[in-house]
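Peer 1: The lines below spell out each chain.
Number of protein chains: 4
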Amino acid sequence: MAILNTDRIITLKSRYSAVRKHSVSICTPLQIEDYVVQPIGDVSPPKWHLGHTTWFFETFILQPNFPDYKPFDPQYNFVFNSYYETIGARVIRTDRGNLSRPSVEDIYRYRAYVDSKMQLFLESDRMTAALEDLVELGLNHEQQHQELLLTDIKFILGHNPLFPAYSQEIDLSPSDQDPASMIKLNAGVYEIGFDKESFCFDNEKGRHQVYLHDFEIASALVTNAEYREFIEDNGYHDFRYWHAEGWDWVKQTETVAPLYWHFIDEKWMNYTWNGLEEVKMDEAVCHINFYEASAFAAWKGFRLPTEAEWEIASKHFNWGERWEWTGSAYLPYPGFKKEAGAVGEYNGKFMINQMVLRGASLATPKGHSRNTYRNFFHASQRWQFTGIRLAK
Amino acid sequence: MAILNTDRIITLKSRYSAVRKHSVSICTPLQIEDYVVQPIGDVSPPKWHLGHTTWFFETFILQPNFPDYKPFDPQYNFVFNSYYETIGARVIRTDRGNLSRPSVEDIYRYRAYVDSKMQLFLESDRMTAALEDLVELGLNHEQQHQELLLTDIKFILGHNPLFPAYSQEIDLSPSDQDPASMIKLNAGVYEIGFDKESFCFDNEKGRHQVYLHDFEIASALVTNAEYREFIEDNGYHDFRYWHAEGWDWVKQTETVAPLYWHFIDEKWMNYTWNGLEEVKMDEAVCHINFYEASAFAAWKGFRLPTEAEWEIASKHFNWGERWEWTGSAYLPYPGFKKEAGAVGEYNGKFMINQMVLRGASLATPKGHSRNTYRNFFHASQRWQFTGIRLAK
Amino acid sequence: MAILNTDRIITLKSRYSAVRKHSVSICTPLQIEDYVVQPIGDVSPPKWHLGHTTWFFETFILQPNFPDYKPFDPQYNFVFNSYYETIGARVIRTDRGNLSRPSVEDIYRYRAYVDSKMQLFLESDRMTAALEDLVELGLNHEQQHQELLLTDIKFILGHNPLFPAYSQEIDLSPSDQDPASMIKLNAGVYEIGFDKESFCFDNEKGRHQVYLHDFEIASALVTNAEYREFIEDNGYHDFRYWHAEGWDWVKQTETVAPLYWHFIDEKWMNYTWNGLEEVKMDEAVCHINFYEASAFAAWKGFRLPTEAEWEIASKHFNWGERWEWTGSAYLPYPGFKKEAGAVGEYNGKFMINQMVLRGASLATPKGHSRNTYRNFFHASQRWQFTGIRLAK
Amino acid sequence: MAILNTDRIITLKSRYSAVRKHSVSICTPLQIEDYVVQPIGDVSPPKWHLGHTTWFFETFILQPNFPDYKPFDPQYNFVFNSYYETIGARVIRTDRGNLSRPSVEDIYRYRAYVDSKMQLFLESDRMTAALEDLVELGLNHEQQHQELLLTDIKFILGHNPLFPAYSQEIDLSPSDQDPASMIKLNAGVYEIGFDKESFCFDNEKGRHQVYLHDFEIASALVTNAEYREFIEDNGYHDFRYWHAEGWDWVKQTETVAPLYWHFIDEKWMNYTWNGLEEVKMDEAVCHINFYEASAFAAWKGFRLPTEAEWEIASKHFNWGERWEWTGSAYLPYPGFKKEAGAVGEYNGKFMINQMVLRGASLATPKGHSRNTYRNFFHASQRWQFTGIRLAK
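Note that the protein sequences, when read in sequence, are chains A, B, C and D. Take the first sequence: its position 200, counted from the start at 1, is 200 in our numbering, and no numbers get skipped. Take the second sequence: its position 43, counted from the start at 1, is 43 in our numbering, and no numbers get skipped. Take the third sequence: its position 18, counted from the start at 1, is 18 in our numbering, and no numbers get skipped. Take the fourth sequence: its position 98, counted from the start at 1, is 98 in our numbering, and no numbers get skipped.
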C-alpha cells in the first residue's frame with residue numbers, strides 16, 4: 001500500500017482547498033432564496049450542488065476509510081445522493097426543489113465539517129495512492145458541478161420575471177468571434193483518446209485509431225449574427241432542416257430563438273450575467289440544443305463535425321467558450337470498461353440517446369478542460385453554454 | 001358619498017394593523033428557505049401568500065383610489081396576482097415555486113410600504129363606506145390566507161425527510177374528543193344562510209328556506225381511534241365503501257392512511273407541529289379527503305350530513321377544530337349573484353366539482369368563523385385540516 | 001318464492017325479445033369496421049356494447065340461476081365486464097378499442113346463444129318475481145346502452161374525415177322549437193322522486209319533500225340560433241360567463257362551438273345522421289357540456305333549473321329531444337341505500353363530480369323515459385345529446 | 001430522357017405485381033376487425049399499411065406523371081399520408097386506430113384501381129429510367145411495410161386476451177440455433193456501405209473506410225435458453241447491467257421477460273404465430289429491445305458489435321432470422337446527402353436517438369435483405385423481430 005510523500009500531500013491538500021472554495025465563491029452573489037428553487041428537472045437547486053459534492057467525499061472517502069468518522073447527519077445521504085444506484089435509495093430528481101431543509105446555513109456547516117475531516121484524513125497514514133485517485137475524482141466531480149452551478153444559476157435567475165443580474169464582478173463574458181475560415185485536414189488513420197498520466201474520466205480512456213475522411217472545419221464559432229440570419233430566413237418554420245424529433249420539439253415548444261433570447265420592442269434581447277441586454281451580434285451563439293445546431297448547419301449547407309474530427313483538428317483553432325455540439329452519439333470507446341463499485345456508474349450508464357459535446361465553456365473551471373474531454377447531453381437540452389462549429 | 005366617522009376609522013385602522021401583523025407572526029418560526037418552496041400545486045410558497053395578500057390592498061384599494069399612489073414595483077402585479085382574470089396576465093399556479101425573487105426581505109419591505117400607505121389612506125377623506133367594505137373583504141381574504149399559510153407550512157415541513165418541527169410556542173394542538181352521541185332533529189322547513197349586518201362572503205348570502213327530513217347528527221368528531229379501526233378492517237382495500245372516483249384515487253396513489261400518518265416500527269406515527277409523534281387516538285382524525293370521509297361513513301353504516309343539516313344542528317354541538325366534510329356539492333344559493341368587477345370572481349367561479357366543508361379549524365384565525373361559512377375543496381384534497389362528523 | 005303466471009311470462013319474453021332486437025337494429029347500418037373503434041375513452045366500440053349487454057344476462061341471470069348453464073366463452077367475462085368491481089378483473093376502459101377479437105360475428109353468435117337460453121329460462125320454473133326484477137334491470141340497462149350506442153356511433157362517424165352518413169332510414173331528426181315563454185311556479189314544499197310500481201333505477205327512489213322558491217322556467221329549449229348569438233357575441237372568449245374549470249377547458253381545448261359544428265366557407269356546418277349539413281337554426285342546440293350550458297345561461301342573464309324545479313315543472317312543457325343540463329350535482333336522495341351485491345354498484349358509486357341531466361333525448365328508446373329519471377355526466381362531457389332549458 | 005426497353009418493362013411490371021400481391025397475401029388470414037385496431041402508437045392498423053403503400057404510388061408516380069390521372073378519392077391523401085411533411089397535412093399517428101372508414105373493402109378497391117393505372121403507366125411512353133428508380137423505391141417501401149404488417153399483426157393478435165393464432169399455413173418459424181463459437185477478425189482499415197448497381201436506400205450509400213480494432217463476434221444468435229438464464233440470475237433486477245434510461249424503463253414498465261413471454265403455471269409461454277406455446281429454448285431470443293440486448297451482453301461479459309464490425313464479419317455467419325441490435329447509433333455515413341423533394345425525407349430525418357439493427361428477420365420479404373442494410377429503432381422498442389449477437 002503506497003503511502004504518499006509529503007509534497008504530494010501538501011499539493012493535494014492545497015488543491016482540495018482551492019477547488020472547494022471555488023464552489024462557495026460561485027454562490028457568493030446569491031440570495032438565500034436562489035439556493036432553493038428548481039424550475040425544471042434538468043436544473044438542481046444550488047444548495048443541492050453544494051451538499052451533493054460534499055456528500056461524495058463523505059461517502060466515498062471518509063466513511064469507508066477514516067476510522068471513527070461520524071457522519072454530519074445520517075439523513076443527508078438520502079437528501080444528497082444523486083444517481084448512484086449502489087448507495088441506498090435516491091431522491092427523485094424533480095423533488096429536489098421541494099426541500100427547504102437542510103437550510104443553506106446547515107449545508108455550509110456540513111461543508112466545513114467534511115472539509116476539516118478531509119484535511120485531517122489527507123495527511124493521515126490512511127491515505128494511499130488509490131485514495132488519491134478517488135479524491136482527484138471527487139475534485140473533478142466538484143468541478144463539473146461548478147459548471148452546472150453556473151448553468152443552473154443562470155437558468156434560475158433568467159427565468160425570473162424580474163431578470164435579476166448575477167454579479168458584475170465575476171467575468172464570464174464571451175469574446176467577439178473572428179471571421180471564420182475553413183481548416184482542411186486530410187483523410188487517414190488518426191489516434192484519439194486520453195493517454196497521459198494525469199486525471200481523466202473513464203469515458204476518454206483507451207487511446208485508439210479512427211479513420212477520418214478528408215474534412216474541413218471552421219476556425220471560429222457561429223455568431224449570433226449568423227444565427228439571426230437563420231431565424232430571419234424562417235429557419236424555425238421550415239421542417240426540411242430539422243430531424244423529425246427536432247421538428248416535433250420546435251412545434252410543441254413553439255421555439256423561435258435560442259434560450260434567453262426575447263424579442264422586445266422590435267429588438268432581440270438576451271438575458272446575460274448582467275441582466276437583460278441587447279444581443280451582441282459578434283459573440284458566439286449560445287444555449288441552442290442539438291436539434292437547433294443541426295438545423296442551422298443544414299440550412300447553411302454544412303454539417304457538425306464528428307468528435308474524432310474535432311479532437312484531431314482542435315489544435316488548429318481556439319476553443320473553450322462554448323461547449324460545441326458534435327454529430328457523434330455518446331458511445332463507449334473500443335475497450336471501454338466500467339470500474340467496479342459505485343464509482344463505476346460514473347459515465348457508462350449514460351451512453352444512450354445522448355450527443356457528444358467537445359471543448360469547454362466560460363463556465364468551466366480553469367484546469368478542468370482538455371481536448372479529449374467528452375461532455376454529453378440529450379439532443380433537446382439547451383440550458384448549457386452550447387455553441388456551433390461547422391464542418392464539411 | 002358617505003365619509004366614515006373617527007371611531008370607525010380608528011377601529012378599522014387598528015383591525016387592519018392586527019390582521020396584517022398576524023400573517024407575519026405565523027411566519028416567524030420559518031427559515032428563509034421555507035418561504036420559497038411549493039411541493040405540490042395546491043400549496044403556495046409562504047412568501048407568495050405574504051405578497052398576494054398585500055397585492056390585494058395595493059390593487060383594489062390604493063391604485064384606484066389613492067391619488068398619486070406609486071406602486072412598490074409594477075412587476076409585482078404579475079408575480080402576486082392569483083386567479084383574478086380581470087387583472088392582467090396571471091402566473092401559472094404551479095410556477096410559484098420557481099421564483100426565488102422577489103426575496104423574502106423584498107416582500108416584507110413591500111408589506112411595510114403598502115401598510116404605511118394604507119394607514120394614510122384609511123384616515124384620508126377619500127375613504128368611504130363602500131371602500132370600508134372592500135377593506136373588510138381584503139382583511140377576510142388575508143385571514144383565509146392565514147389559514148392557508150398554516151396549511152401549506154405544515155405540508156412543506158411535513159414532506160421534508162428531516163421532519164422539522166414548526167414551533168413549540170404556537171398552540172394549535174387539538175383537544176380530545178368526548179364520546180359521541182347522536183342528536184336528533186325533526187323534519188320541517190328551516191332557514192339557512194347569512195342575514196346579519198356584519199361581513200360575510202357572497203356565497204353565504206341570501207338566507208332561504210330548505211326542507212329537511214328527520215335526521216341525526218353526531219355530537220363529536222370521528223377520532224383517530226375510530227379511523228384506525230377502519231384501516232385495520234381493510235377499509236382502504238374494499239371498493240364497496242368508495243365512490244368509483246375515490247377508488248381510482250386509492251389505487252393510483254396507493255393511499256392506506258390519512259396524510260401525515262406513517263407506519264414506523266409497528267406504530268402509527270403522525271407529523272404534527274412538533275415533528276413526528278405517535279398518533280393520539282382520542283383526537284379528531286385530520287387530513288382526510290372527501291373520498292375517505294365518505295368511505296369511512298359508509299363502512300360505519302352512516303353518511304355525511306348535508307350542509308343545511310350541519311348549519312341547523314350546529315348550535316347543538318361544539319365545532320371549530322376541523323373543517324367538516326359535508327355531503328353537499330358547492331352550488332349557488334337561490335338568488336346568488338356575482339358582484340361586478342374583479343371582486344365578483346371571488347367565489348362563484350368555483351361552484352363546480354367541489355364539496356362543501358362547514359365549521360372551521362384550529363388554523364382558522366380568531367373571529368373568522370361562523371356557522372354559515374361555506375368552505376369548499378375538491379373531493380381529492382386532503383392537505384387541509386379536515387375531519388368527519390357522522391349523520392344518519 | 002313467487003312463480004310468475006303465464007301472462008307475465010309471455011309479456012316478459014316478448015319484451016325481452018323486443019328490447020334485444022332493437023340493439024341489433026341500431027347497428028344494422030354499420031360496416032364491420034365501425035363496430036371496432038374507440039376514438040376517445042368516453043366512447044365504447046359498438047361491438048363492446050353488444051357484448052356487454054349480453055354479458056349482463058349471462059352473468060347475473062343465467063350463471064347463478066340456470067342449472068348446468070355453460071358460458072358461451074369463459075373469457076368473455078374479462079372482455080365484456082365494465083365497471084362492476086365485484087365481478088373479477090375489469091378491462092381498462094380505454095383498451096376496448098384495441099380488441100379486434102371477439103369478432104362482430106362471434107358477438108352476434110354470443111347474443112343468439114344467450115337469447116335462446118334466456119327464452120328457455122324465462123319460461124322455466126326457476127323464474128321468480130325477484131329474478132323478473134333483475135331481468136327488468138337488465139333490459140333497462142340494455143336500453144341505456146342503446147342510447148349510448150347511438151351516441152357513440154355518431155361520435156365514431158362524425159370524427160371520421162370522410163363524414164359518412166349513418167342512415168337515411170332511421171328517423172332521429174329533431175323538431176323545430178316553438179318560441180319560448182317563461183312558466184312561473186310558486187314557492188312551497190313539493191315532492192319529487194319515483195313512487196310507482198313499475199321499474200325505476202335506484203337513484204330515483206325515495207319520493208321526498210323539497211322546498212322550492214318562486215321560479216320561472218322556459219317552455220322551450222335554447223335553439224341553435226340563440227346559441228349562435230352567444231358565439232358571435234364572443235361568449236367563448238369572455239371568462240366572466242364561465243366557471244374557472246370551464247374556462248380552463250375552453251382555453252385548453254380551444255373550443256369555439258358545440259361538438260360537430262364546423263365553420264366551413266363562412267357557414268356553420270353540423271355533422272348529423274345524414275352527414276355534414278348546414279346548421280338548422282330553429283332546432284334545439286345539442287352536444288354542449290355543462291360548462292357551455294352554464295356560460296350560455298350566464299350570458300343570457302338566466303341560470304339552469306335545479307333538478308327538483310325541472311321535475312315539478314315538467315308537466316308544463318314538452319321534453320324528450322335533449323337531455324337537459326340542470327344546476328344540480330348528482331347526489332343521493334334522502335334515504336338512498338345501495339343494494340347488496342354487484343347490482344348495488346349500479347349508480348351510487350358515481351355520486352361525485354357529476355351534474356344531473358333531466359328529460360330524455362331522441363336517442364332514448366321508447367318507453368325508457370320518465371320525468372323522475374336522473375341521468376348524469378361530468379361537466380366536461382358533450383358527446384351526449386344534451387341541450388339547455390333556461391330558468392330564473 | 002431514357003425510355004425503357006421492353007424487357008425491362010416486362011420485368012418491372014411483373015415485379016410490381018408480385019410485390020403488391022404479397023401484401024395482400026399477408027393479410028389473407030385476418031378478419032375484418034383485425035385490419036382496424038392500433039393498440040399502441042408504434043403499431044399501425046393493417047388497413048392503413050395497405051392504403052399507405054398504395055398512396056405512395058398514386059402520389060409520387062401517377063399524379064405528377066400520368067396525364068389525366070384522377071385520384072381514387074382526393075381525401076385519401078389526408079388519411080394515408082404518413083410522415084412526409086412536404087405532402088400536405090398529416091394524420092397524427094396515434095389517431096390511425098380511430099378511423100373505421102375507409103373500409104377494408106374500399107381500400108382493396110383503392111389498391112385495384114391504382115394497380116390497374118400503374119400497369120398502364122409502366123408500359124406507357126411516359127415511363128423513364130428516373131421513374132423506374134422511383135417505382136423501385138415504392139416497391140422497397142412496400143416491402144418494408146410488409147415486414148411491419150407482420151410485426152403489427154403479431155402485436156394486435158398477441159395482445160388480445162383470446163390469443164388467436166395467425167395462420168398455420170404461412171411458415172415463419174425460426175430454426176434452432178447451432179452452438180455459438182467466436183469468430184476472430186483482425187484490426188485494420190475496412191470498407192463498408194453499398195456500392196452495387198442495384199437498389200439500396202440512401203442511408204447505405206457512400207461506401208467508405210472505417211478503422212476496426214481486433215474483435216470477436218459470435219457465430220450464432222443468443223438463444224431463449226441463454227436469455228432465461230439471465231432472467232433467472234435476476235438480470236431484470238440488477239441495475240449494474242443497465243443503462244440509466246434502460247433501468248428507468250424496466251422499473252416503470254415492470255418488465256421481467258421478452259415481449260410475448262408469459263409465466264403461466266410455472267412455465268414460460270410464448271405467443272407465436274400459432275397462438276400461445278411453451279418457449280422453445282433452442283430458438284434465438286426475439287422481441288427484446290436495445291436496453292435488454294445491451295444488459296444481457298453486459299451480464300454475459302460481452303458487448304454488442306458495432307454496425308461496421310457486423311457488416312465486415314457478416315460473411316462468416318448465417319443471418320436473416322432476427323434483426324440484430326448493434327452498439328452503433330443511427331448516424332449519417334460520411335458524405336450523406338438528403339435527396340431533394342419529399343422522397344428526401346425518407347431516412348435522414350430519423351438520424352437521432354435511434355440504434356442501428358443489422359441483418360433481417362423471418363418477416364422480411366425475400367429479396368429485401370443485404371448485409372449493408374441499415375434498419376433502426378429507438379432503444380425502447382421491442383415489437384420488432386429483434387435478437388442478440390454477442391461481440392468482444
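The set of hints was computed from the structure by calculation and includes no laboratory data. Hints are supplied without guarantee of correctness; some may be wrong.
The list makes no distinction among identical chains, and a pair is therefore deemed to hold if it is satisfied within one copy or across any two copies.
[Said to hold, decoys possible] The calculated lysine-lysine pairs, modelled on BS3-like cross-linking and capped at a C-alpha distance of 27 Å, are:
id, residue 1, residue 2
1, 349, 392
2, 338, 392
3, 184, 337
4, 337, 251
5, 205, 117
6, 300, 205
7, 300, 349
8, 337, 300
9, 196, 349
10, 13, 251
Peer 1: Tell me the numbers of any earlier hints that the structure contravenes, in ascending order.
Peer 2: 5 and 10
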